[in-house]
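Undergrad: Spelled out from the first residue to the last, the chains are:
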Amino acid sequence: MKRSDGRKPDELRPVVIKAGVVPNANGSAMVQMGRTIAIAAVYGPREMFPRHKKIPDRAALETVYALVPFSTTDRARPGPSRRSKEICLVIREALEPAIFLEEFPKTCINVYIDIIQADAGTRTAAINAASVALADAGIPMRDLVTSVAAGKVGKDIVLDIDMTEEDITKCDLPIACMLREKKITLLQMDGDLPVKDVKEAMKLAIKSCEELYKKQKEALKERWVKK
Amino acid sequence: MKRSDGRKPDELRPVVIKAGVVPNANGSAMVQMGRTIAIAAVYGPREMFPRHKKIPDRAALETVYALVPFSTTDRARPGPSRRSKEICLVIREALEPAIFLEEFPKTCINVYIDIIQADAGTRTAAINAASVALADAGIPMRDLVTSVAAGKVGKDIVLDIDMTEEDITKCDLPIACMLREKKITLLQMDGDLPVKDVKEAMKLAIKSCEELYKKQKEALKERWVKK
Amino acid sequence: MKRSDGRKPDELRPVVIKAGVVPNANGSAMVQMGRTIAIAAVYGPREMFPRHKKIPDRAALETVYALVPFSTTDRARPGPSRRSKEICLVIREALEPAIFLEEFPKTCINVYIDIIQADAGTRTAAINAASVALADAGIPMRDLVTSVAAGKVGKDIVLDIDMTEEDITKCDLPIACMLREKKITLLQMDGDLPVKDVKEAMKLAIKSCEELYKKQKEALKERWVKK
Amino acid sequence: MMLQNQYILNLASKGLRIDKRKQDEFRKTEVEKNPIDKAEGSARVRMGKTDVLVGVKMEVGEPFPDKQDEGTLIVNAEFSPLASPKFETGPPREDAIELARVVDRGIRESGAIDTKKLCIKKGEKVWMVFIDIQILNHDGNLMDAAALAAITALLGTKIPEYDGKMVNHEKRTKKLHVLFKPVPVTTVKIAGNMFVDPCLDEENIMGARLTVTTKDDGNMCSLQKGGSEPLVMEEIEKALDLAVEKGKELRKLVG
Amino acid sequence: MMLQNQYILNLASKGLRIDKRKQDEFRKTEVEKNPIDKAEGSARVRMGKTDVLVGVKMEVGEPFPDKQDEGTLIVNAEFSPLASPKFETGPPREDAIELARVVDRGIRESGAIDTKKLCIKKGEKVWMVFIDIQILNHDGNLMDAAALAAITALLGTKIPEYDGKMVNHEKRTKKLHVLFKPVPVTTVKIAGNMFVDPCLDEENIMGARLTVTTKDDGNMCSLQKGGSEPLVMEEIEKALDLAVEKGKELRKLVG
Amino acid sequence: MMLQNQYILNLASKGLRIDKRKQDEFRKTEVEKNPIDKAEGSARVRMGKTDVLVGVKMEVGEPFPDKQDEGTLIVNAEFSPLASPKFETGPPREDAIELARVVDRGIRESGAIDTKKLCIKKGEKVWMVFIDIQILNHDGNLMDAAALAAITALLGTKIPEYDGKMVNHEKRTKKLHVLFKPVPVTTVKIAGNMFVDPCLDEENIMGARLTVTTKDDGNMCSLQKGGSEPLVMEEIEKALDLAVEKGKELRKLVG
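Chains as they are written, first to last, in my numbering: chain A, 1 to 227; chain B, 1 to 227; chain C, 1 to 227; chain D, 1 to 255; chain E, 1 to 255; chain F, 1 to 255.
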């Protein structure tokens, strides 16, 4: 089976990960998956404002995901959409299990993610970037969170689809996991798929996360060396 | 004189009133007048938030009236309109005189009313429902507030007009009162009417409130029995 | 050189200034420059709300500039626009240097300006009115702030252009100054102009402020006499 | 403040007022016609220290789907923070919305404007008449001042030229046809007595308010009760009668 | 509160529930068809004390530029403050948006509605199908209740007449063509065990949630994990299997 | 913080800077052309640690009623919370609006874009050119960085194909015609001395700021004073002269 850009079904798009790209932030990272580019910056743990939102026994994690207006084929209107608000929510829940939030009670950890180019897979790129940015900020974590999406083109389960494949895929199944303990922190699916395919897609996606996980760690290592 | 649905001029539409329809609320009621259906829920007296809105010597009464999107012939956009904001205001002022607000200083009593079907007379149905819901919540009241609207079709003052009569009525005069002491707590009118007709319409409307008042009390009685 | 309304290049439109036009305000003024009419009202120094916006060592100055809906040829939608928000900012910065803000720490001084008729030069009229209103409110000032705009029609630098000249002017250069010490507190320019013309326009505009300054002081004197 | 309120209440219980007016006496009311020439029509009403400016603008737009051959009236009120220390910047407050809607209903229900005459091309283009109420100083009874200014502004409104593409606001030829002069009279109840045209100090302590709009023929076109105290039938009838009587006087000022 | 939470956790660790249900047992579920006749279609679902009303309205509008020959589906959820002491007035909350989007995807991805059949005139006019979710009482598992009500409302929807200019909502002739019945089943993980149809007390302490929407043919059309704890593969597979099995039962209620 | 501010002030009073630059010296400025290929044109400018990304998108829309034969320019700036601990999510702040408007005026008033050439069909369809400024890291002098990135992005912009119905963003054929290169130079006044290209530490303590945009021919197309201290004529003249001189250098980077 041949994919539009010549990749094998289980082959990811070319990946570039770089930590420490936003000097003002406590931690930051850029993740490029094909043409999709996400930049994540972490501020905190810092004082929670407004104060009534403080959580007594742990840090609050706040995530903002935004498409930059010129990142998409048709200009994206600035400001949150319903889609982006849902993505903020699932990204937050994807990251939360990995962070020792209980170590910073009453504070807030802010993760801001700007998608500066969107070519499918923006939420997975966002999670990969956010996870590296959190580690770069020195926030104690159980594991990095790694994310990739599976699809199905023809009879094949394929990984990390790009925009040219979006019209022909039978499903979009993004997943995020903490690989060390094989724990899944994000799982969504849109499509029309038999149960066995869903299970296969999940397993394939998790397996492919290993490659990304390695690149995440390399990016952090490179950053430490420079520091 | 014959009305489009065969009613006599001073005849109300069929009325159903039921208390205790929203389990989560401290008090609640459903009022159906013809096809118009209002559900009211009362929460409180509870802590006022934000705090700077606390009133030192009495409870604040907050009313929200909303048309559910599918309640109207053309879909109603969610969120408050200028019309609904005005109705919130007049409903609040219609209920306030009946409540011993001074017994709960610094607190807030919230009355939420959703119109799930709108066929004219939504504010009167809303007041009738809110009044029963307040009593159901055990909030001490001087009297129930009862409300009905008068109109004029041809030469006749008519009561409780529905949507088919809305186009031909010469006025819409909603009124709310505490019957025990004949006190009027809401009075509005749109139309073009001689003074004597205005006076006649008011009197007829107040008289017809007695029937509604009885049904309100019955609904509460039925609810107490169940409790 | 002949201007559309017969004025000389360095001639201002007829000016009327009146202090004390809004009885509720601590200070107020109306400035009419040609057909442009600005009303300014000052409230304060008063308590800052919300409290977290208090400035420990000086008063905060807040300015609101608004076009009244019927002030313009095409109706202006109520509510702030990007244009009006920028004008609020530059007006605030134009007034700040003139006020002894440090005398009223933690308080707020509010300047509200409604343009009830707009015929070019609204920001300069607004500043002239605000400045008189501040003095009328008895707020201690280093000097009044006086403002006028220069333009260029044909080969001539002209002052205080009206709307009929707006289409033919090569630039719009509003300036505000404290005349006593020749200090410039507002300077903007849009256009396409050689450096030497910019310098000439600035100097001409400052010079013409003297006439306005006199009228501002007269308006205040007249007001004191009445008081 | 508290002391002054008590003083006004004491006076009111005897039928007296802080500014020595009679119960049925309006403050000095001045109507200025067309002060804003950029507007298609405008009026400024000063009622004591209350100062309200109303402007009318006309634009071309599409009709409502259920009223294909009718122009539209839009009444909007801005409570500029300039006019009172209690007003704040932000979206219209509840009371500003109520004011706009009461003025709107007075004009609409009286049939003052024949909206069918505002149709340019059925189903496609109609005149939109924007009536904007701007408060310049708030010293009570904004309803009466605003409604008076609104009908005066409409009476002075001239329709701009429209060539099928652009509205030329600088050229206004025909007068807007106004059929009736709806005029409101607001009566408040304080300490058991009824008073017309409340000033702000009176409004602050009033129990209830009734605004009654009458037409030239004495018919009523709008009622609006306000305030958190009830009224009894006699009080309402009193307010209705006052509205007919005082409405005639105010109507003369409109011209 | 804390004590009750601890009690529910203890029960859950043994596979037991506060209301004595089995792990794979839904609460009593009642489906009322077309309670709101002003809507083109409507349904009310009561799942224990959870009470959700869904109405469908159809209007005519323009197609999206990239889908010139397709009608549009719009799913919207309002968490009315009437339904819970925790809901507030204001713009939709994060959870209301998530609810609407999960219901939307279930319907859209299953192909339940053939949007091409909703095209009136290519590139110009199409039907817009508004599916509005209104919560009347929140006692947990809004997702399943809302999605069930939504598909039931669609199945009962009749298309109003349209004469090219106006929609006549009083005359509805043709039934909306619905091809599939997507039905969601939500499973939560508490204390290491999996439970379907959580009540609110269970939701408050759950670690993770998985909502799985299946079609008539057993295919899956939507997954949505929620909650801030992770799941392992076996737990997910358990939830998938439960969704197929319980989905069949729920589908019977839809009619 | 306070100590550092005092230190910078002391240096400034002697004409010195914390990063050892001369008064008229810009930080190292790098211009990256077209980093975002989804945009019709884009540029990234790094000025020291300040990092700004600008993208140009072109859509087809209706002209303004008073400019029937002209395309429209829309400049928008987002101060993403990613770029600074001081930025918050929410609607554009006052300073973001000012930034967008100063960049807008520089481009518009210089005549860099012939908007008449952006007309597709008079009165009906024109190109809308969206210039979006995205801050990636804020270390002062956003005005100069953003305006530089904006003009560079425009110079690299290619117009997508339009078949009368849809814009094909994947096929871009013709270059956007750019007539001039407006370039701003910002000078701040600290402790009585004038410095170009302030870093954030300098901006925090500056008294006044003057941004001057010049064209290729040395003419000025935009001035904007900022800050709450006044300037005297000599200081303004100094800033004007610096803008002409340094503008020439910056213009070379634009290409």
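Mixed in with the good hints, there may be bad ones.
Cross-link-like lysine-lysine pairs, in silico, BS3-like; alpha carbons within 30 Å at most [as the list claims (entries may be wrong)]:
1. E:Lys67 x F:Lys125
2. B:Lys2 x B:Lys214
3. C:Lys182 x C:Lys155
4. D:Lys248 x D:Lys33
5. C:Lys199 x F:Lys238
6. E:Lys122 x D:Lys165
7. B:Lys203 x B:Lys182
8. E:Lys238 x A:Lys85
9. B:Lys53 x C:Lys155
10. E:Lys22 x A:Lys196
11. F:Lys171 x C:Lys85
12. C:Lys221 x C:Lys203
13. E:Lys117 x E:Lys33
14. F:Lys238 x C:Lys203
15. D:Lys252 x B:Lys199
16. A:Lys170 x F:Lys165
17. A:Lys106 x C:Lys106
18. A:Lys85 x B:Lys214
19. F:Lys67 x D:Lys158
20. B:Lys85 x E:Lys22
21. A:Lys53 x B:Lys214
22. D:Lys86 x C:Lys227
23. D:Lys165 x E:Lys121
24. C:Lys106 x B:Lys106
25. F:Lys67 x C:Lys2
26. B:Lys170 x D:Lys67
27. F:Lys171 x E:Lys122
28. C:Lys155 x F:Lys67
29. C:Lys170 x F:Lys28
30. A:Lys2 x F:Lys171
31. D:Lys125 x E:Lys122
32. E:Lys28 x E:Lys14
33. A:Lys203 x E:Lys248
34. B:Lys170 x D:Lys20
35. D:Lys158 x C:Lys227
36. F:Lys171 x D:Lys165
37. B:Lys54 x E:Lys116
38. D:Lys121 x E:Lys122
39. C:Lys227 x D:Lys33
40. F:Lys49 x A:Lys18
The hints are simulated quantities; they were obtained by calculation from the structure and are not laboratory data.
Undergrad: If you draw a straight line from the CA of lysine 227 of chain C to the CA of lysine 33 of chain D, is it 30 Å or shorter?
TA: 29 Å, holds
Undergrad: With a cut-off of 30 Å on the C-alpha distance, tell me whether lysine 170 of chain B and lysine 67 of chain D pass.
TA: 18 Å, holds
Undergrad: Assess, step by step, whether the Cα of lysine 170 of chain B is no farther than 30 Å from the Cα of lysine 20 of chain D, and give holds or violated.
TA: 40 Å, violated
Undergrad: Mind checking the alpha carbons of lysine 117 of chain E and lysine 33 of chain E for me, to see if they're no more than 30 Å apart?
TA: 24 Å, holds
Undergrad: Between lysine 53 of chain B and lysine 155 of chain C, is the straight-line Cα distance small enough, at 30 Å or below?
TA: 61 Å, violated
Undergrad: Can you confirm whether the C-alpha distance between lysine 238 of chain F and lysine 203 of chain C stays at or below 30 Å?
TA: 15 Å, holds
Undergrad: Taking only the CA atoms, is the gap from lysine 67 of chain E to lysine 125 of chain F under or equal to 30 Å?
TA: 21 Å, holds
Undergrad: Could you grab the alpha-carbon distance between lysine 122 of chain E and lysine 165 of chain D and see if it respects the 30 Å cut-off?
TA: Answer holds: lysine 122 of chain E to lysine 165 of chain D is near 28 Å, not above 30 Å.
Undergrad: Regarding the pair lysine 248 of chain D and lysine 33 of chain D, is the alpha-carbon distance no greater than 30 Å?
TA: Holds. Lysine 248 of chain D to lysine 33 of chain D sits at ~19 Å (cutoff 30 Å).
Undergrad: Hinted pair, alpha-carbon criterion (30 Å max): lysine 238 of chain E, lysine 85 of chain A. Please report holds or violated.
TA: At roughly 29 Å apart (the allowed maximum being 30 Å), lysine 85 of chain A and lysine 238 of chain E satisfy the hint.
Undergrad: Tell me if the straight-line CA distance from lysine 22 of chain E to lysine 196 of chain A falls inside 30 Å.
TA: With Cα atoms ~27 Å apart, lysine 22 of chain E and lysine 196 of chain A stay inside 30 Å; holds.
Undergrad: Holds or violated: lysine 53 of chain A with lysine 214 of chain B, Cα cutoff 30 Å?
TA: 47 Å, violated
Comparing the model with each numbered hint stated earlier shows that hints 9, 11, 18, 20, 21, 29, 34, 35, 36, 37 do not hold.
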